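Assemble chain B onto chain A, guided by the hints.
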Amino acid sequence: MDLFLQVMLLRSIKVCQGRAVIWVSLNDQFFAVHQVAERVEALGQFVMKTRRTLKGHGNKVLCMDWCKDKRRIVSSSQDGKVIVWDSFTTNKEHAVTMPCTWVMACAYAPSGCAIACGGLDNKCSVYPLTFDKNENMAAKKKSVAMHTNYLSACSFTNSDMQILTASGDGTCALWDVESGQLLQSFHGHGADVLCLDLAPSETGNTFVSGGCDKKAMVWDMRSGQCIQSFETHDSDINSVRYYPSGDAFASGSDDATCRLYDLRADREVAIYSKESIIFGASSVDFSLSGRLLFAGYNDYTINVWDVLKGSRVSILFGHENRVSTLRVSPDGTAFCSGSWDHTLRIWA
Amino acid sequence: MPAINIEDLSEKDKLKMEVEQLRKEVKLERQPVSKCSEEIKNYIEERSGEDPLVKGVPEEKNPFKEKGGCVIA
Chain A
36 MDLFLQVMLL RSIKVCQGRA VIWVSLNDQF FAVHQVAERV EALGQFVMKT
86 RRTLKGHGNK VLCMDWCKDK RRIVSSSQDG KVIVWDSFTT NKEHAVTMPC
136 TWVMACAYAP SGCAIACGGL DNKCSVYPLT FDKNENMAAK KKSVAMHTNY
186 LSACSFTNSD MQILTASGDG TCALWDVESG QLLQSFHGHG ADVLCLDLAP
236 SETGNTFVSG GCDKKAMVWD MRSGQCIQSF ETHDSDINSV RYYPSGDAFA
286 SGSDDATCRL YDLRADREVA IYSKESIIFG ASSVDFSLSG RLLFAGYNDY
336 TINVWDVLKG SRVSILFGHE NRVSTLRVSP DGTAFCSGSW DHTLRIWA
Chain B
10 MPAINIEDLS EKDKLKMEVE QLRKEVKLER QPVSKCSEEI KNYIEERSGE
60 DPLVKGVPEE KNPFKEKGGC VIA
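From first to last, the protein sequence lines stand for chains A and B. With the numbering used here, letter number 140 in the first sequence gets 175, and the count goes up by one each step, no holes. With the numbering used here, letter number 6 in the second sequence gets 15, and the count goes up by one each step, no holes.
Chain A extracted, bound-state conformation (with noise of 0.2 Å):
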């Protein structure tokens, strides 16, 4: 059969299988999460202000992410500099200057003694933090990824041994970080790969990524094999975020809304979007218990999604210009964005 009608005939079973469980009782319904939860009380009245604005970066912050001691964060500019800084006092403990500019992608370890980072050198290289006022830390560089476009995210997995990265080039990639080898890789996008999450450590070896071919995929990280494929989204895919059980991931895309998939049923259970959001989302991440969805756009704002009820329940406004990465503190207190206007805030 004719490559094309393979493809089309295979999706449209795919859709079909996902629809025949929905038939077969009549109680499931499209966007079954909102149904279910009609009778969830709904949420008050938030107060979610600016707490900490960080500034020091000379051009746009492209990526952030969070210590695991809950109060140091990294982040990466256009302009090349990466930096760390305590959220509490607002100060600068660290900063680099790479090699390139846009550094698109940046991590802290999980030990909290190396940060991760890389963009247009398509490369990931980790950076030791050292408290040595005589050191350099630029010195102590070590490449470990290196791929064929640019770097767009990268993460450690649950130890600062290994390293996923996200890729330009249409691939993900698993390395050992003291050798520099290429442990797996994970092809079956279509185009760019924009983002990535791992999943909660309870539930096993997976991850999953979002690229410009408007898909996410799930993939199994010893294989190398994409589990399952989701594409509803009508744009690029921007960020991608576990539900913290794991059972579930959000997106947030180019086509101005943000998507809850759920892993067990295979498909699309929410859309957060309304008419009068029409840039693109740039960054989602959920709180602690996963009832609110935060995500990052394009027009400046944050918007702070019901998760249950699919309902907006708080506009953030703040940021002079595009909210670029948004991500939730450990423990759930506070979040942090960083955005095109050159800053970085933390929301509580």
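It should be emphasised that the hints constitute simulated quantities derived from the structure, not laboratory data. It cannot be assumed that every hint is accurate.
Said to hold, decoys possible - In silico DSS-like links for lysine-lysine, alpha-carbon gap of 25 Å or less:
1. B:K70 - A:K127
2. A:K344 - B:K64
3. A:K84 - B:K70
4. A:K309 - B:K50
5. A:K105 - B:K64
6. A:K84 - B:K64
7. B:K74 - A:K103
8. B:K74 - A:K84
9. B:K64 - A:K103
10. B:K36 - B:K25
Stated by the list, open to error - Computed, partial: chain A to chain B, Cβ under 10 Å:
11. L78
12. V82
13. R87
14. D204
15. P279
Quick caveat: nothing in here was measured; it's all calculated off a predicted structure. C-beta: ideal position from N, C-alpha, C; glycine also.
Okay, now just chain B, sitting in the frame of chain A:
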């Protein structure tokens, strides 16, 4: 280095990759959405009482509360 750069693949190769992937996924066992949504709802309800961003954190306990002034006596 990962073996491929997506720009080097032809449309035909990309479609072949997609067909292979979809063939595998067609065989997945799926659970009803109503059941999965119930589980999500229960998970959240059990935990949202303890979620600092949902219930709010009293100013005294909030590490990010407004910094007070310092007075050196």
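Against the structure, the hints come out as follows:
At most 25 Å may separate the alpha-carbon atoms for a hinted pair to count; B:K70 and A:K127 meet this at roughly 24 Å. Between the alpha carbons of A:K344 and B:K64 the distance comes to roughly 17 Å, so the proposed pair stays at or under 25 Å and holds. Simply put, A:K84 and B:K70 have alpha-carbon atoms about 16 Å apart, close enough for the 25 Å limit, and the pair holds. Between the alpha carbons of A:K309 and B:K50 the distance comes to roughly 22 Å, so the proposed pair stays at or under 25 Å and holds.
A threshold of 25 Å between alpha carbons decides the hint, and for A:K105 with B:K64 the separation of about 19 Å falls inside it, so the pair holds. A hinted pair counts as satisfied when its Cα atoms are at most 25 Å apart, and A:K84 with B:K64 qualifies at roughly 15 Å. Restraint check for B:K74 and A:K103: the C-alpha separation of about 20 Å stays at or below 25 Å, so the hint holds. Taking the CA atoms of B:K74 and A:K84, the gap is near 10 Å; set against the 25 Å cutoff, the hint holds.
The hinted pair formed by B:K64 and A:K103 meets the criterion: a straight-line CA distance of about 22 Å does not exceed 25 Å. Among the hinted pairs, B:K36 with B:K25 is consistent with the structure: their alpha-carbon atoms are about 18 Å apart, no more than 25 Å. Proximity of A:L78 to chain B holds as hinted, the smallest CB-CB distance being about 7 Å (cut-off 10 Å). For A:V82, the shortest C-beta to C-beta distance to chain B is roughly 8 Å, which falls under 10 Å, so the interface hint holds.
Taking 10 Å as the C-beta contact cut-off toward chain B, the hint placing A:R87 at the interface holds, the least distance being around 6 Å. With 10 Å as the threshold, the beta carbon of A:D204 comes within range of chain B, its nearest partner Cβ sitting at about 4 Å, so the hint holds. The criterion of a C-beta within 10 Å of any C-beta in chain B is met by A:P279, whose closest approach is roughly 8 Å, and the hint holds.
Violated hints: none; the structure is consistent with every hint.
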